[in-house]
Amino acid sequence: ETGVTQSPTHLIKTRGQQVTLRCSSQSGHNTVSWYQQALGQGPQFIFQYYREEENGRGNFPPRFSGLQFPNYSSELNVNALELDDSALYLCASSPKQGSGANVLTFGAGSRLTVL
Amino acid sequence: DQQVKQNSPSLSVQEGRISILNCDYTNSMFDYFLWYKKYPAEGPTFLISISSIKDKNEDGRFTVFLNKSAKHLSLHIVPSQPGDSAVYFCAASAYNNNDMRFGAGTRLTVKP
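Residue numbers (my numbering), protein chains in the order written: chain A, 1 to 115; chain B, 1001 to 1112.
No lab work stands behind these hints, which were simulated from the structure alone.
Everything numeric in this text was worked out from a predicted model, so none of it was measured.
Ideal Cβ positions, reconstructed from N, Cα and C, are used throughout, including at glycine.
Where hints are given, some of them may not hold.
[Unchecked claim] Residues on chain A that point at chain B, a partial pick, calculated with CB under 8 Å: (1) 26; (2) 40; (3) 102; (4) 108.
Please build the complete structure, drawing on both the sequences and the hints.
Here is the structure:
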């Protein structure tokens, strides 16, 4: 059983640029959630994807967007990067239903630094 | 709005003693609560959970207690081991889990 994998692990961008982060969900999981974890804070919910559609969104502006693919992998895109976007971005997968539906399996994260 | 709060940023205990990590929440719609553990350079890993119909759930050395009237939960680790040293996050969700809220975390250090 493979876990959640994310790429890249680290990246540096400048203000105004765009970034794409990628995530492969755990085998058997059909739901992917993205979280932003700023330094010293807990993960904050960005959005969730299920059946290739957004299935809930946190308090993040539209320049944060995502995709889910038929194989349940996902991308997080951030446009017009701002300094405050510097954070660890965590991807998590889960089954949509069943006893494990409330438990998220996280990847190791992609650390984004915006200069 | 921070609906899940962990007011202790850090906790240090001696090996073999009990570690108690606390968490408070404000949203009465939350009905499922989880604890995650995070080591450096790794993602959070699920540790233990409890639903709102229970007030205690135990798994080996780990026990979670839920006090719904006080909107408070705690994680007890006994006996604590040096390998338990990590950041612990409390999380909560309503029936629809697509917006799981996390606390800011408590860094536990278990000294040999």
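| said: Checking each numbered hint in turn, tell me which of them this model violates, lowest number first. | reply: 1
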